[in-house]
Structure formats: C-alpha cells, structure tokens
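Trainee: Chain order of the listed sequences is A and B.
My numbering puts the last residue of the first sequence at 531; the count rises by one with no breaks.
My numbering puts the last residue of the second sequence at 531; the count rises by one with no breaks.
The set of hints was computed from the structure by calculation and includes no laboratory data.
Don't take every hint at face value.
Any copy will do: because identical chains look the same in the list, a pair fits if it lies in one copy or spans two.
[What the hints assert, rightly or not] The calculated lysine-lysine pairs, modelled on DSBU-like cross-linking and capped at a C-alpha distance of 35 Å, are:
(1) K110 - K360
(2) K197 - K130
(3) K520 - K437
(4) K130 - K60
(5) K110 - K362
(6) K85 - K303
(7) K369 - K184
(8) K369 - K520
(9) K457 - K362
(10) K360 - K493
(11) K107 - K369
(12) K472 - K274
(13) K388 - K173
(14) K173 - K197
(15) K173 - K60
(16) K507 - K85
(17) K173 - K256
(18) K200 - K110
(19) K129 - K200
(20) K256 - K200
(21) K409 - K274
(22) K474 - K60
(23) K200 - K427
(24) K427 - K472
Okay, here's what each chain looks like letter by letter:
2 protein chains.
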Amino acid sequence: MSDVGVTTKKNEDFSEWYTEVVLKSEMADYAPIKGCMILREHSYAIWEKIQEVFNKKIKATGHNNVYFPLFIPESYLKKEGEHFEGFVPEVAWISQGGNTELEERLAIRPTSETIMYATFSKWIRSWRDLPLKINQWCNIVRWETKATKPFLRTREFLWQEGHTAHATAAEGEAEVMYALGEYRDLVERYLAIPVLVGKKSDSEKFAGALYTTCMEAMMPDGKALQMGTSHNLGQNFAKVFDITFIGEDEQKHEVWQTSWGITTRLIGAVIMVHGDDKGLVLPPRVAPIQVVIVPIPFRGAEPETIAAKAKEYFTLLKQKGFTVVLDDRGEYTPGWKFNHWELKGVPVRIEIGPRDLKQQQVVMVRRDTGQKTAIKEADVVDATEKLLEEIQHNLYAKARVDLENKITTVQTYQQFQETLKAKGGFMKAPWCGKATCEAKIKDDTGATIRVIPFEKEPPTSPCVVCGEKAEEMVYFARSY
Amino acid sequence: MSDVGVTTKKNEDFSEWYTEVVLKSEMADYAPIKGCMILREHSYAIWEKIQEVFNKKIKATGHNNVYFPLFIPESYLKKEGEHFEGFVPEVAWISQGGNTELEERLAIRPTSETIMYATFSKWIRSWRDLPLKINQWCNIVRWETKATKPFLRTREFLWQEGHTAHATAAEGEAEVMYALGEYRDLVERYLAIPVLVGKKSDSEKFAGALYTTCMEAMMPDGKALQMGTSHNLGQNFAKVFDITFIGEDEQKHEVWQTSWGITTRLIGAVIMVHGDDKGLVLPPRVAPIQVVIVPIPFRGAEPETIAAKAKEYFTLLKQKGFTVVLDDRGEYTPGWKFNHWELKGVPVRIEIGPRDLKQQQVVMVRRDTGQKTAIKEADVVDATEKLLEEIQHNLYAKARVDLENKITTVQTYQQFQETLKAKGGFMKAPWCGKATCEAKIKDDTGATIRVIPFEKEPPTSPCVVCGEKAEEMVYFARSY
Chain A
52 MSDVGVTTKK NEDFSEWYTE VVLKSEMADY APIKGCMILR EHSYAIWEKI
102 QEVFNKKIKA TGHNNVYFPL FIPESYLKKE GEHFEGFVPE VAWISQGGNT
152 ELEERLAIRP TSETIMYATF SKWIRSWRDL PLKINQWCNI VRWETKATKP
202 FLRTREFLWQ EGHTAHATAA EGEAEVMYAL GEYRDLVERY LAIPVLVGKK
252 SDSEKFAGAL YTTCMEAMMP DGKALQMGTS HNLGQNFAKV FDITFIGEDE
302 QKHEVWQTSW GITTRLIGAV IMVHGDDKGL VLPPRVAPIQ VVIVPIPFRG
352 AEPETIAAKA KEYFTLLKQK GFTVVLDDRG EYTPGWKFNH WELKGVPVRI
402 EIGPRDLKQQ QVVMVRRDTG QKTAIKEADV VDATEKLLEE IQHNLYAKAR
452 VDLENKITTV QTYQQFQETL KAKGGFMKAP WCGKATCEAK IKDDTGATIR
502 VIPFEKEPPT SPCVVCGEKA EEMVYFARSY
Chain B
52 MSDVGVTTKK NEDFSEWYTE VVLKSEMADY APIKGCMILR EHSYAIWEKI
102 QEVFNKKIKA TGHNNVYFPL FIPESYLKKE GEHFEGFVPE VAWISQGGNT
152 ELEERLAIRP TSETIMYATF SKWIRSWRDL PLKINQWCNI VRWETKATKP
202 FLRTREFLWQ EGHTAHATAA EGEAEVMYAL GEYRDLVERY LAIPVLVGKK
252 SDSEKFAGAL YTTCMEAMMP DGKALQMGTS HNLGQNFAKV FDITFIGEDE
302 QKHEVWQTSW GITTRLIGAV IMVHGDDKGL VLPPRVAPIQ VVIVPIPFRG
352 AEPETIAAKA KEYFTLLKQK GFTVVLDDRG EYTPGWKFNH WELKGVPVRI
402 EIGPRDLKQQ QVVMVRRDTG QKTAIKEADV VDATEKLLEE IQHNLYAKAR
452 VDLENKITTV QTYQQFQETL KAKGGFMKAP WCGKATCEAK IKDDTGATIR
502 VIPFEKEPPT SPCVVCGEKA EEMVYFARSY
C-alpha cells in the first residue's frame, strides 16, 4: 500500500477523492483492460458479506442458487425485441472458439433472461412446478461507451440476478415487492445507506419489463445512484419463450415472471456515502475487519507485557465472534498503523500503551467520529459490541440527514434548474406523466426521473415543465 | 422431474447411466449452447458446500478471495510462451464490443495466471509484501474440441484458482503441498472419494509450471479422473512479468509462485463414484438435503396426527442443524416420494406410519444400503447424527475398496495392455523415466501417467516398455 494517505479533500474534488480512496485503501485496482477493474480482498470481502446476508434471506423464502452459461446465442437474445434493442449496443461478442469460427455469434451475458427462460419452458409443465424461484451470482458484461468508474460503471461487474415464475399476476407482483424489500433491508440495515423506493418511468424501465421498481440513493456530490432494481416482467417473456403450465383448472396458462438484481456497485456507494478525508469508513456489519488492536510500546516500558496483553485481547475478541486484527508488526510505527487502518475504514481501533497497562484499561477509538474513550479491561467485550452498533446506527443516521437535505421540493421549472445547478440532489417535482416533459428535462438538465413513489403524493402545483395538470410528485436527479 | 426413474443399469452402460442420473436427478441440464451446461440447484448447492469448506480452510491460513477480470489481452496471454502454446487452441476470443471492433482481441480467461501476474508486479515491491496469497472463485472457458460431458468436460465451468507468491523456493514448495493437502482432505473427508496423490510427468504438467502435483480418483468404468492440481511455477512467470522484490538483504529477487485449482467436475466424480441404479447417493457432509421425512397416512388411521408428528420431527431436526425436508405433499403417493428422494440421493429417509405412531417410533432408511431400522422417538436426533456419519464413512470405505481393486501392479507390457483392456483401472508399472516410453504407451493404449508417487517406490522389474532400468513405479490409466 502507498505510504501516503488520501491527499484530496472529499468536499473539494469528489471524483478525484473517490478514485484516490478506492486505490489507496486497496479496495480495487485498475486492470490492464480498458473499463475493467480488479476487486481486491478488501472489497471482495464486503461482497462476500453481501452474499452471505442476501443468500440467507432468499433461501429462507424458498429461492435456490443455480448457474447458467455465460454465453447466449444471438438468436435467443433477439427473441424479445425490446429486450434485444435495449442491450445490443453493449454486448461483447464471441465469434471464434479455438481455431474455429462460430456458426452463430455468442453474446457474453449482459443479463440472463433469455438463456434462462428458454429453459424455463422445459422445466415448467404443471402448476406443481410453480412458483419457480432461482437466483444466480455471476459476472456480467456490458460494453459501456460512457466513462467508466471503479465499482459504479465497469465493463464487467459481479451481481446477483433473481428470476421467478408464478401462476398468477398477483404472486408475481408480490415477488417484485418482496425482492425490493429485501434489497432495502440489506442496503439500509447493513450498508447503512438510506434509499428512496418506487417505480421507474416507462423510459427508464428494464428492456422487456411491464414495470421496474427500484431503490435510489444520493451521493455526496448530488448525483443519484441506482442501488438495485426489481422488475415485473408480466407475461412478456412467457409469450416469447412459450413458458406455459397446465393449471389446477386443467387449462393452459402463461406464467407471470419477475427478475431482480444488485451489483458490486453497492460497494462504490459505501465508499462514497461514508468515506471521509482520511479514507474509507466501513459500516461494522459489512466491514471485513471490525476491530484493529495496536500495541504502543514505549522505550523503558514493558514491551513484552504490552504485546502479551494485546494478544490476550485479540484472542478474546476473536472468540467472541468479532473480526479482529492484531497489528504487532515491528517494522511500522503506531502512527503509521493508525493512518493505515483509518484509510482501510476499520470501525474500531483499540490502543494499548504503558499507561493503559498500568490502569488496566485500553483506549478505544471510533473511526466515524474519531472519539477516544478509555475502557476498563473487564468491559472491553461489551464496549466493543456497543461501539460497533453505535457506529452502524450513526453512519445510517448521518446518511439519512444528508439524503433529506438533498431533497428539494420544487414548484417551477426555473426553481428546478437553479436548484439542480446549485446543489444537485433530488428535485421532488410535480409531473404530468407525459414522456415528452420527462425528455425535455433530460435534454435541458441531464436529470431523469429516478423514482416515482408507490403511493401517489398529490401534487402541490401543475407539471413543472408543461404547466398542465400534474399527476403526482416524482423525484428527478442527475445520476451515475 | 421425470416420473420415470433411472432405467439404465450402472454396470451395463455406465456412460448412459451417468447421463440419465445427471438429468433425472435434476443435477444439471443441457444448455442451448454446444458443450455448455446448466448447474441446477441440486448440484449448485453441493458447489456451495465445497466453497464453504474450502474457504474456511484457506482463510484460516491467510489466503484472501479476490476477483480479476474475465478478459485477458492477447498480448498478455502470449508473454509466457509455453503457457500460450498450451492454452491457445482452447481460447474463446472477443473481437467486438457493442458496435466497435476491438483493437486487440481479448481472450476469455482459460486460467488467470497472466492477467493476475501482470498486476502482482505492481503490488509486490518489498519482502514486507510477501507472501501474497489470493484465491478466486469464477467461471473459466476452454473451447473443448473433445466430446463434452456434464460436469467432467464442458466449455465453461466453475472453479477456484489459488495464486501465491513467496520470497523463497522452499516456501513455494510448501505452499504447493499445502494446497494439495487441503484438496485431499476436502475430497476424501467430505466427498468421500479416495485419491492417489503425486506429481505429473513433464508431458502432463501445467503449461508454464516447473512441476504439477495432482490427485487422481478412479471411476467405476476404470477411467481415472483428475480431481485437482497444484502447480509449482518456480520463477518462470516472475521472469516474464518482472515480479521482483527487495529482500531483507536489500537485494532484488524474483518471487517464487504457485497456482492451484479444483472445479465443478468434482460433482461429476461424486455422481459417478457413489451413485447406483436408483440414482444419486450423496455423502451426508455435502448433501444439500440430509434427511427427508415422509408421513404415510393410511385410510382409517389418523392422518392429522401423523402429519403433526412428522412436522414435529421436522422442526426438531432442523433446530439441531440438519438440512431436512418434510414431504407432506398430498398430490404424490409415499411410493412416488421414496423413488423421488432416492433418485436425488438424500442419505436418510424417515417414514412415519400409523403403526410407528402407535409404537412411538419412526422407520429410518439408509440410502446407501437400503437398510431399514425402527428408532424410538426419544432417539431420533442421536440416531440421525450417527446414521449420517455411518453413511459418510461407509461411502468412503466402499470407494476405497473399489480404488484398491482397480490398481494392478504389472511387470510386462503384455500384462499392461491385457489388464488395461480387460478391467481398466490404474496400471502400477515400472518406468524408466523417458518421455518416449510414456508416449508409446499413450499411442498404443490411450493410457497416460496419472500419478508419480512423491516417494519413489523401488521398481520390481525393468521399464514396462523399453526393458531398460526402471526409475520408479508410476500409475498409468485411461482418463476423462
């Protein structure tokens, strides 16, 4: 790792700060392929936590993990026209295997609906085969032409994609909301990032879906980040791929489908939302390392006794189930270690020096606030647990305030444009529901509708663009 | 699932039996891309168990998971000449992303040495950065031209690849043996498959390695299956990718490297080795479902009481940490359910009928032997635990006997050829160490050296091919 800490201030050059934190904290590195990245152990461990939490949720509700091929024949991708049109500009194509030219080009999956649903039609015959609820964790390739950014936009990324088929429209709808609810719980309670949830407008929905639900978070630079989507596919793909079943009524029906996904971009959101000028600040529930213990030997004091005591705490905390590192390396100073583990975002640091030894205490330092507290030896386990919980809640509470401060209710288009320019964030604005007004805003300002709340909020004034009767209040923002 | 069980006998048409079991037990399905397969939930759950067990092992010894890109620029793959020559016939190439022709073709990774080691040279500067020990779980593509077979040989498969760099040759050697040891433990103690371990000959080693160590298992049809490999890369890649470090001696040195992998083919081995004419037989330690409870209601008896008691056992066993399914579906008969769960390889079945209810007992049925035992209600938990352990050990013991019976020590080439033809298996034969003799055997019989034992066993006679002085006893076999 670099010996120099983060040199850019978060509130001075956010984009540069982000890149610096990503690289110096060793979350990721650039790969020798344009637009691709390497997830190093410090970020991959967060992804593993996300997998653990989410797998537990979906397995408890009868979803099973599977693995479908990376390749999709071009003819399959083409079957659902809207879907193909949506993805084809971003598809990477295989045309040669070994020394042989392929007869049909193969797409590297940009998403797996088409390859999966061709098989669903074989697997589903009777109402007894429903619901079918599967999920897969895999890599996805979308050949981005926009500027890429580690975690947020890369040509390859990791994700989970859930795919379900149901006997009724109502079950499909319930599943869409189920997945969105689990996403929200994961993001808010584990990643400590508050989100807005709702539907996408038709122009922003998933290619091939009836409608798309989503959660959106707000980044410190005033741009929104889509954190996850859950799609109601209705019977669109069932018709194209002939996924039918014989119901209990002995009649043939088409299934109702959903698909939903979250990606490694969630890690980018964690970095952006919680990080500070010293580097990462990781929420304790997903931090790869929750506690670091740094012994502070002084000349003349008893280095062996301090070392032994530090080891004792290490063993104790490890036994209690915390992920803890004892940094007793001789080749680095305590000051260097403090900076190093702060850069890495470790929530709690425990220091043990000669005075602490004498007073049978340790000093605990919070990463989020920098606050130092002396803790008596007997209380170390309880205090660690309590502090980690406090940090988790504090990070969420702070992010919640930030989010609320970045929502501005606007009544006129002038106000919309001025506020967006001045501070960014979400413009909560009355909208008539017409795609033309939505398109005008995008053309004029770059902002799109990020979320249409599930419960229509009565508009306080006419449509912010056309001045005609507004249908509801929706959230616009520029986004990643 | 198909209503018809496995119709082919394992000892009559092994290859057909295998395919039938794979498909009917719903372990896998064919994909609409030649040579690719779908891992369904029943096999993917075994892969998840393998991941869980192996992650625990390697994390405890300081290895961390990471994720490197799927794509490798052609120029990188070419850097180590022997490596490139070894893999290029099997590489799938991307030449188009979206609507753009790429300037340089990208290989879909057939293995990740070259992409990783280009980065290692950035990460490693000082002895403080060593050892570097990483691992990744990912998909791999090798454009096979030979006939493919589910799990054993497919154009895409899942694997784990460990990659380490060390300051000394001795540390590298120790790491190679460490990985092989963990593989052996995983395969023998969890998958219940005994293996032979040793080195590969030069002609069978990994392209670019100093030497390759491996474990080999024997399948019931007399063909060997390579179960995992651990390579000593020496300094070959370090030279090519300029991976150097400043040692404690303040001199510049090249690192010593290892790489090692196991794949989803292990699941194929489990099917082949343990399966029988009724379908899968899964080792309890990796079985996705360990226990199935089938209530057997009879007319005139008390169906509600039986159902309630079955549920009680289900809850109890689940609480105790067993993975258990209660099959109380009304639309299938008990007989159908027995066949279904036997096909799926569930180690233990618990039946509860009216007579059992009256006598406060259940009937436990072992999948491996078919043996039925009445167990008193109070003993159900203990008996389940004991039975699962017994099945685990019995499967291993049986496979061990099968392996031993398929090793024939041969002294002449005639004996070699006759035995190989008559019963297959491993030919334990004296070998002079020359590649020409090895090549002749391959040409004549299709058999290759699978394992050269680590400890040289003094040959009992001259080289089986050339009749000159033999160096050691090695194991030949035909293989998958």
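Trainee: Give a verdict on every hint.
Mentor: Comparing the hints with the structure gives:
{"no.": "1", "hint": "K110 - K360", "verdict": "between (42 Å within a copy, 25 Å between copies)"}
{"no.": "2", "hint": "K197 - K130", "verdict": "both (27 Å within a copy, 31 Å between copies)"}
{"no.": "3", "hint": "K520 - K437", "verdict": "neither (52 Å within a copy, 72 Å between copies)"}
{"no.": "4", "hint": "K130 - K60", "verdict": "neither (49 Å within a copy, 40 Å between copies)"}
{"no.": "5", "hint": "K110 - K362", "verdict": "between (38 Å within a copy, 20 Å between copies)"}
{"no.": "6", "hint": "K85 - K303", "verdict": "between (49 Å within a copy, 31 Å between copies)"}
{"no.": "7", "hint": "K369 - K184", "verdict": "between (37 Å within a copy, 22 Å between copies)"}
{"no.": "8", "hint": "K369 - K520", "verdict": "neither (61 Å within a copy, 58 Å between copies)"}
{"no.": "9", "hint": "K457 - K362", "verdict": "neither (45 Å within a copy, 52 Å between copies)"}
{"no.": "10", "hint": "K360 - K493", "verdict": "neither (61 Å within a copy, 63 Å between copies)"}
{"no.": "11", "hint": "K107 - K369", "verdict": "both (23 Å within a copy, 15 Å between copies)"}
{"no.": "12", "hint": "K472 - K274", "verdict": "within (11 Å within a copy, 70 Å between copies)"}
{"no.": "13", "hint": "K388 - K173", "verdict": "between (58 Å within a copy, 22 Å between copies)"}
{"no.": "14", "hint": "K173 - K197", "verdict": "between (38 Å within a copy, 27 Å between copies)"}
{"no.": "15", "hint": "K173 - K60", "verdict": "between (56 Å within a copy, 26 Å between copies)"}
{"no.": "16", "hint": "K507 - K85", "verdict": "neither (43 Å within a copy, 49 Å between copies)"}
{"no.": "17", "hint": "K173 - K256", "verdict": "within (28 Å within a copy, 41 Å between copies)"}
{"no.": "18", "hint": "K200 - K110", "verdict": "both (32 Å within a copy, 30 Å between copies)"}
{"no.": "19", "hint": "K129 - K200", "verdict": "both (29 Å within a copy, 28 Å between copies)"}
{"no.": "20", "hint": "K256 - K200", "verdict": "within (23 Å within a copy, 40 Å between copies)"}
{"no.": "21", "hint": "K409 - K274", "verdict": "neither (51 Å within a copy, 68 Å between copies)"}
{"no.": "22", "hint": "K474 - K60", "verdict": "within (18 Å within a copy, 73 Å between copies)"}
{"no.": "23", "hint": "K200 - K427", "verdict": "neither (45 Å within a copy, 63 Å between copies)"}
{"no.": "24", "hint": "K427 - K472", "verdict": "neither (51 Å within a copy, 75 Å between copies)"}
Figure legend: structure checked against the earlier numbered hints; hints not met, in rising order: 3, 4, 8, 9, 10, 16, 21, 23 and 24.
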